[in-house]
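Chains B and C: place on chain A using the hints.
Protein chains in written order, with my numbering: chain A, 1261 to 1549; chain B, 3 to 99; chain C, 2 to 281.
Don't read these hints as lab results, they were simulated from the structure. Please read all numbers here as calculations on a predicted model, not as lab measurements. Heads up, the beta-carbon is just placed ideally off N, CA and C, and yes, glycines get one too. Mixed in with the good hints there might be a few duds.
Covered stretches of chain A (chain C as the covering partner; in silico rule of three or more C-beta atoms under 8 angstroms from a C-beta of chain C) [claimed, not checked]:
{"id": "1", "region": "1421-1431"}
{"id": "2", "region": "1514-1521"}
Computed list of chain A residues with no C-beta within reach of chain B, every gap over 12 angstroms [unchecked claim]:
{"id": "3", "residue": "T1266"}
{"id": "4", "residue": "R1283"}
{"id": "5", "residue": "D1466"}
{"id": "6", "residue": "L1469"}
{"id": "7", "residue": "A1481"}
{"id": "8", "residue": "V1505"}
{"id": "9", "residue": "L1524"}
{"id": "10", "residue": "A1525"}
{"id": "11", "residue": "W1542"}
Here chain A is said to cover these stretches of chain C; the calculated rule only asks that three of the stretch's residues, wherever they fall, bring their Cβ under 8 angstroms from a Cβ of chain A [to be verified]:
{"id": "12", "region": "66-77"}
{"id": "13", "region": "117-126"}
{"id": "14", "region": "138-151"}
{"id": "15", "region": "174-187"}
{"id": "16", "region": "192-206"}
{"id": "17", "region": "212-226"}
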Amino acid sequence: MNAGATPLERLLARRSFIELSARERAREILDPGSFRELLGPFDRLHSPWLEMQNIVPQEDDGVVIAKGRIDGQPAVVMAIEGAFQGGSMGEVAGAKITCALDLALKDNELGTPTRPVLVLETGGVRLQEANLGLAAIAEIQAAIVALRRYVPVVGVIAGMVGCFGGMSLAAGLCSALIATRQARLGMNGPEVIEQEAGIEELDAADRRLVWSLIGGGQRHAVGLVDELVDDDAAAIAGAVRAAFVRGLPARHRSEQVALFLDRLAAVDPAEKLNGPALRVLWGKGGSNG
Amino acid sequence: MEIYEFRYPASIAVGRRAHVGVVGSGDLEILLEPAADGQARVRVRTSVDGYGPIWKTVLDRFFSRFPAIAAIEINDFGATPAMVTLRLQQAFEESRA
Amino acid sequence: MAEAETTISRGLIWLRALTGGEGTVAGGPASVRYAEAPLGDGPACFLAVVPDAGGRFPRARHGEVGLLEAWTLAKLVGDVVAADEGRVRRPIVAVVDVRGQAYGRLEELLGIHQACAAAVDAYASARLAGHPLIALLVGRAMSGAFLAHGYQANRILALEDPGVLVHAMGKQAAARVTRRSVAELEELGNTVLPMSYDIRNLSRLGLVHRLISGIDPGVPSAADVARVATELAVAVAEVRAGGGGLDLRLENDAARKTRAASLEVRRRMAEQWAGDGAGA
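Just chain A, same shape as in the assembly (with noise of 0.2 angstroms):
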């Protein structure tokens, strides 16, 4: 991006990185001409579970792994597509991320720095999968922590299905996140939260209220995610190599336990505490500590 031209011009170049496919994500993340899919749709591994409830399969089930190149170094992007089932986690969706995870594991204790990066555009389980996919959801957690002793594992959560359920610990657990303001991070969706604990305690409708919440503007405000971008693939694409060239965090978010417990402490569950006050009560920092 030219940095001399205006903010117009900025604006226009722009390419919606949230408007892609899992399939063109991928590619916009990986080198040029280094895309190349694993497991794509013409291997037709799709869920054995959804037909046999009358729910119309996707080929890929819903997962893009694609293996390439990110600033030259061997990488592999796994790419959650959100338009369908909601981005949900079966079992074939959660095993690919997680054979992924776990083949990048090997090639890094046998020397090569495969280089993964998720792209979480999910509700969380797959309903329908019910205890498959909460079974993958902990494979997937289980691979993450073993593969990032060696290597960043990058989050990117662009929107506009945000990351919820089971799949928000596994953005929990990343080195490094990535999101834009449009994404969501959270475990209960609104609509949940909403169903379980009545409209006085959310509103799911109200849009507004849910990003103060839980989006992606707020989450970086309170170090709960590292890089804030626009959305725009170079931009994107941008902050995931610059997390690989920054390396490993000397703590993950997940292990700043203390620092977390203090932070409880210091809130007041009977104050009806907001986003804006929460800025204020957190700040920045304590991220990548």
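Same frame as chain A, now just chains B and C:
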């Protein structure tokens, strides 16, 4: 979910396989592969029941114009006939690119 | 909606039974219990999440894994790993009876996903460091709460009992979302195995290492407790003899039948992985 199968006599060879679309709301996924038997064979899985005659009309029209010798698999999630035709054209063009 | 907790927590019953103590942690929330006790021929560490009517966060008072619970689990497990640095690593037993993660606006704002990620991290790191990690399912093991407390284990042991439930979503909520009645949902679980709430069906998916039957989960006898302790000790010994990964969940006869698709993914992706002159 319903499954339909169609066959058409075909005459246009396609060079390579093509994949377009996504099984998302109002959209569909198409997998097109070159075939050797001089026919177009189409298998449709659709989330919307009771639209068999409409599928037949849409596919009849498409293959009368583009009789591709191909095996085609469609996974549909409620696409309109216009969307189906658009995706078929995309797949057909990609397979000849 | 939060139901009244009418019965005493099975998590607490089993933590007491296996350790002989209450497991309250000085300075910690009363909802997270930790105790050390002999298991087989060595010392072991036991953890449970239990209801605490006086908990600081109202939405985590009934046995849910909330913010404090998850970060505290992470701390306690991390402390075990640090304490055992350079010596025989003690087994860690997660006694599981968790009704779900805490659902609330404050929980989301304060990053309950990060809290649960920390618990996952701690357990997974302990396993990778060489601590035999066993989950003992004595009650509910629901969704994200189970991910945070138990699902990283080398071995999952479960009491065969209708009250031992594993699922991604509570029955009522799942019925609403899938537009089915609870009865239809239960029926479905018999044909679509992963939809089942029945622990025996989870076992058919290869995810339960051992089902322990004939135990009274609510009022265990001394013999019941001794049997469960023996099963735990056997599992620990097996883990010590084997590796630290989760491969066993797929490498068993049940999984070969019911998780064939997962195994197919593994086999074929491994074939396609190499041969990557790609983009060099």
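For each hint, the structure was consulted:
Counting residues of the region 1421-1431 of chain A whose beta carbon lies closer than 8 angstroms to any beta carbon of chain C gives 6, which meets the minimum of three for the stated coverage. Judged by the Cβ-Cβ criterion of 8 angstroms, the region 1514-1521 of chain A is covered by chain C as claimed, because 7 of its residues qualify and three suffice. The claim that T1266(A) lies off the interface holds: its Cβ sits roughly 35 angstroms from the closest Cβ of chain B, which is beyond the 12 angstroms cut-off. Against chain B, the non-interface label of R1283(A) is violated: not every CB pair exceeds 12 angstroms, the least being about 9 angstroms.
For D1466(A), the shortest C-beta to C-beta distance to chain B comes to about 23 angstroms, beyond the 12 angstroms cut-off, and the non-interface label holds. For L1469(A), the shortest C-beta to C-beta distance to chain B comes to about 25 angstroms, beyond the 12 angstroms cut-off, and the non-interface label holds. Every C-beta of chain B lies more than 12 angstroms from that of A1481(A), the closest at about 32 angstroms, which supports listing it as non-interface. V1505(A), annotated as away from the interface, keeps every beta carbon of chain B farther than 12 angstroms; the closest lies near 33 angstroms.
No beta-carbon of chain B comes within 12 angstroms of the beta-carbon of L1524(A); the shortest separation is about 39 angstroms. Residue placement check: A1525(A) keeps its beta carbon more than 12 angstroms from all beta carbons of chain B (closest about 44 angstroms). At roughly 36 angstroms, the least C-beta separation between W1542(A) and chain B is larger than 12 angstroms, which holds for a residue marked as non-interface. For the region 66-77 of chain C, the proposed coverage by chain A is satisfied: 6 residues have a C-beta within less than 8 angstroms of a C-beta in that chain, meeting the threshold of three.
Using a Cβ-Cβ cut-off of 8 angstroms, 8 residues of the region 117-126 of chain C lie near chain A, which meets the minimum of three, so the contact claim holds. Counting residues of the region 138-151 of chain C whose CB falls under 8 angstroms from any CB of chain A gives 5; the rule of at least 3 is met. Under a criterion of three residues with beta carbons nearer than 8 angstroms to beta carbons of chain A, the stated coverage of the region 174-187 of chain C is upheld, 5 such residues being counted. Given as covered by chain A, the region 192-206 of chain C passes the check, having 9 residues with a CB less than 8 angstroms from a CB of that chain where 3 are the minimum.
Residue count for the region 212-226 of chain C with a Cβ under 8 angstroms from a Cβ of chain A: 0. That is fewer than the three needed, and the coverage hint is violated.
In terms of the numbered hints stated before, the structure departs from hints 4 and 17, listed from lowest to highest.
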